[in-house]
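Participant: If you want the building blocks of each chain, they are given just below.
Protein chains: 2
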Amino acid sequence: MEQHSNNTMHNYKFEVPEIIFGRGMLSQVGSCARRLGGKKIFLVSDKGLFRAGWVDQAMRSLLEAGLEFVYYDNITPNPKDYEVELGVQEYLRQGADVIVGLGGGSSMDAAKAIAILASNGGRILDFEGPDRIVRPLPPLVLCPTTCGTGSDVSQFAIINDSQRRCKITIMSRCVAPDISLTDPDTLATLPEEFVGTTATDALSHALEAFFSVASTTLTDVHAIKALRLLTKSLAAAVHERKPEDLENLARASLHAGMAFSNSLLGIVHALAHPIGGLYDANHGSINAILLPEVIRYDIPVVTEKLQELAWGFGHRSNNDIIAAGDKIQETLDSLLEASGAPRSLRSIGVLRKDLPELARRALKDVCIVTAPREADEDDLLRILERSY
Amino acid sequence: MEQHSNNTMHNYKFEVPEIIFGRGMLSQVGSCARRLGGKKIFLVSDKGLFRAGWVDQAMRSLLEAGLEFVYYDNITPNPKDYEVELGVQEYLRQGADVIVGLGGGSSMDAAKAIAILASNGGRILDFEGPDRIVRPLPPLVLCPTTCGTGSDVSQFAIINDSQRRCKITIMSRCVAPDISLTDPDTLATLPEEFVGTTATDALSHALEAFFSVASTTLTDVHAIKALRLLTKSLAAAVHERKPEDLENLARASLHAGMAFSNSLLGIVHALAHPIGGLYDANHGSINAILLPEVIRYDIPVVTEKLQELAWGFGHRSNNDIIAAGDKIQETLDSLLEASGAPRSLRSIGVLRKDLPELARRALKDVCIVTAPREADEDDLLRILERSY
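Taken in sequence, the protein lines are chains E and A. Take the numbering used here: the last position of the first sequence gets the number 429, and nothing is skipped along the way. Take the numbering used here: the last position of the second sequence gets the number 429, and nothing is skipped along the way.
For the record, the hints were derived by calculation from the structure and aren't laboratory data. As the structure is a computational prediction, the values presented were derived from the model and not from experiment. Relax, there's no trap hidden among the hints.
Chain copies aren't distinguished; within one or between two, either way the pair holds.
Derived lysine-lysine pairs resembling DSS-like cross-links, with alpha carbons at most 25 Å apart: (1) Lys394 with Lys405; (2) Lys54 with Lys273; (3) Lys54 with Lys283; (4) Lys283 with Lys273; (5) Lys54 with Lys80.
Model the full assembly from the supplied sequences, consistent with the hints where possible.
Facilitator: This is how it looks when you write it as structure tokens:
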């Protein structure tokens, strides 16, 4: 059995943006944008948040801070290359400065991509991979309104290549925003299915970050905290939607984001990117489907970390590694069940004939590099088939 | 019994600099300084590190990065106002740009103070308290070489007012460096007594951060990790000095620094600052002396957090809060004993007649604000007498 490493890294870097968190804090977005030198703000959000009144709150905060703004919402889920290229034309035409992204991963990744093009020019697909960005980005404030993604703290932007129908990953320290601002009140209007599926995205961030060969004690503490919060509040947040449980999910997303932005991810995300690219499917749902089989695949090479993980899932350690592994898989399963997320690739429309191509594409995804256990095309195909 | 709050804060900010950690990483200080735009580096360190060869290593790294440098070591422990004012004259006279602080809290706080004056002018004592700094500081890289302080990630600089013989606290987000770079190899040459006393500084940072009324889940995870690492490695690091134990202490210091920089501290530090100012005594030793009595004073108002803390100290929870409190005090005591730090104020030369004045001064220290349990002059005096 090949494994990359089952140890926590000893030499490492750790970076997170300034973080602001709390109920009602969306009212601070104006003062944040002003503090970053903004005069005319480019506000990227979506129609659902507009209808729910949150865009209006953000606009009011910008106006109260004495700022002008341009509103842009021409973005779809799994944002496409041409959408962000239209976005940057509008940004430049309007002479905007600070960019505010308010929404889920799609709005925030679009805001990041617009920021990249605003100062670097060119086509967004030219920036695929690590460290392709040359010029500093305009100041960026990101305000997440789902229970997953972590884009608000991460050094990644994921954009859909509309021609190849695949997702590209842009990875650079300068893609992390200046300020991550979470107002958990915004979760009150998030449709039920997105509470569950974005929380399973946070769950997969935490688990993959914890097992990553680039994990460190600085990332592990956040991964474990995310798991503890998800174990405590996921089911209740989905079914009862109490503000304190939704707030715990927002907090879990933040912790998980701080972990994976610095330790990177693994096979779940390496497979989820080509699937999301090919089928334009919900990212959290894909992760939820793949997680059990990938964790089953990883567990034999991460035995040293299983007791801490079992503790994160609320089990008291008894020094029995096999029991810890079993409990982890049981808890994971019950969390996924409670989330209401789909449980098979078939159920979200993936075609069986595409599985070999998806496995091939996953091998080239940057996320595969930090997976704890090496995987070839056959290994990946087996995981896909078991998840089908 | 008055208490400030025994809850973790719900609205909060969290900020840490870019962190680089690992054995041998001091060789990267040149590329860090160059990345921050440096051409002529102002290197602040001390004679002990020079003799141990670490300053030489830093200089070599700067030269290899094609940078000039000016070396400055005219700093004493508990750095004095006039020392940093002489330092900034040299910085300006030489036309230096990026500042690198290599050493313990004294060198790093001096580097911060020099950076403040370099761009803001004036006298260092004018910057006492929160948010008095107007202009951005020159880029700053801080490299800790002890097991405590946390200055390399914190938003504080502590300087000694030589006339009033008291310590002032400068507090501002811009006092945090651009890069915190820890090379645990530097601990190999740290004299034994400083291993123990700087580790007890980290211990008090973690405990006070965890009990602070401004603690959050983002700070708690780092405080608990620091305690777990100290519990595991403090005694062994002091007595056997194995590299892996020293590395764990460096890691603990970093985690504790990330916690307290964002949650602030409490009564231990509120009392330690006037004592350090009046007697020019070792900061870690003072903390070690005060910790048991302050924790005893705090415990009744932080019962909700005792089980997590007991877990941090390596005890398995059994839902009994009184037992958890007892175990915490026992473990704390054995850690302090193992550290070799002094255990009474008398033993470090504090005069009994000064205790009332020290209690009065502590009431004005900024650290008292976030203590979990309120304390008046009599309460503080009682803690001092019990620690005498």
